[in-house]
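Colleague: The primary structure of each chain is shown beneath.
There are 2 protein chains.
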Amino acid sequence: MKTTEIVLKTIGIIKSPYKTISDAPRQGRLVQTIGTIEIFPEFNEGLKDIEKRSHVILIYWLHQANRNTLVTPTPDSNIPMGVFSIRSPSRPNPLGICTTELIERKGNMLIVKGIDAIDGTPLVDIKPYIPKLDEVSCVDRKE
Amino acid sequence: MKTTEIVLKTIGIIKSPYKTISDAPRQGRLVQTIGTIEIFPEFNEGLKDIEKRSHVILIYWLHQANRNTLVTPTPDSNIPMGVFSIRSPSRPNPLGICTTELIERKGNMLIVKGIDAIDGTPLVDIKPYIPKLDEVSCVDRKE
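Protein chains in written order, with my numbering: chain A, 48 to 190; chain B, 48 to 190.
These aren't lab readings, by the way, just hints derived from the structure by calculation.
Warning: the hint list may mix true and false statements.
Same chains, same label: a pair holds when it works inside one copy or across any pair of copies.
Claimed, not checked - Here are the simulated lysine-lysine pairs, DSSO-like style, with alpha carbons at most 27 Å apart:
id, residue 1, residue 2
1, K179, K160
2, K179, K99
3, K99, K66
Using the sequences and the accompanying hints, generate a full structural model.
Modeller: Here is the structure:
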């Protein structure tokens with residue numbers, strides 16, 4: 048078996064106060080930054096009922112990340128780690144996931160709290176955060 | 048602003064006991080099914096250290112899903128809901144996310160518990176589950 052290609056279509060764009068990667072925090076969940084998600088008109092209907100959700104998981108494309116990195120040092124370790132065992136933006140498919148608080152919907156715009164993406168980051172999906180699916184009761188957690 | 052295209056490359060494949068969509072459960076987190084993730088050799092180095100993680104988030108491509116659906120009824124509602132407010136596989140970019148328990152790594156194979164993907168589902172990313180990023184203390188949760 049070998050790698051094949053999949054084509055995504057961007058559904059919107061993230062507007063954020065971070066203009067460059069060096070402005071952005073490592074993880075959106077750890078900050079209170081407000082961002083705006085603009086959904087392109089052709090996908091607007093998919094937002095129906097989203098205002099009923101308190102938190103949404105954004106999936107976006109880290110368009111400035113390095114796709115050829117497989118191991119890399121981290122802020123916590125000088126010893127390179129495999130990219131699939133860390134949350135580095137550098138990875139074969141630099142998809143970012145971030146659980147954000149949904150503050151408000153205004154038409155095709157979502158105001159969210161807790162983002163790390165830089166201004167202009169392409170969005171590819173939004174999913175509601177559902178605790179029974181997304182929270183692990185890690186009694187066996189190794190760290 | 049309008050939609051643009053992004054090209055992903057598959058990094059591996061999910062082997063599961065579910066041969067068809069009708070065999071698969073709605074959500075992997077709610078079952079104990081064991082699956083095997085085969086990572087293609089060219090990406091194997093990215094698995095370094097993954098055995099230190101108790102849970103990993105798989106991101107995969109729901110290759111049999113309908114990409115043109117924006118609203119759809121759900122098992123819980125006959126009134127169609129927007130796809131971005133539900134976890135339906137039907138959506139413009141049918142990416143699945145599933146938090147699974149990592150049982151064992153054997154070379155380029157990961158044995159995981161709690162999957163919903165059907166056999167042969169293409170994998171595009173693996174991220175470690177990190178509670179401070181992925182668990183929300185939803186005091187303001189609306190449901």
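Colleague: Among all the numbered hints in the text so far, which are the ones the structure does not match?
Modeller: Hint 3 contradicted; others consistent.
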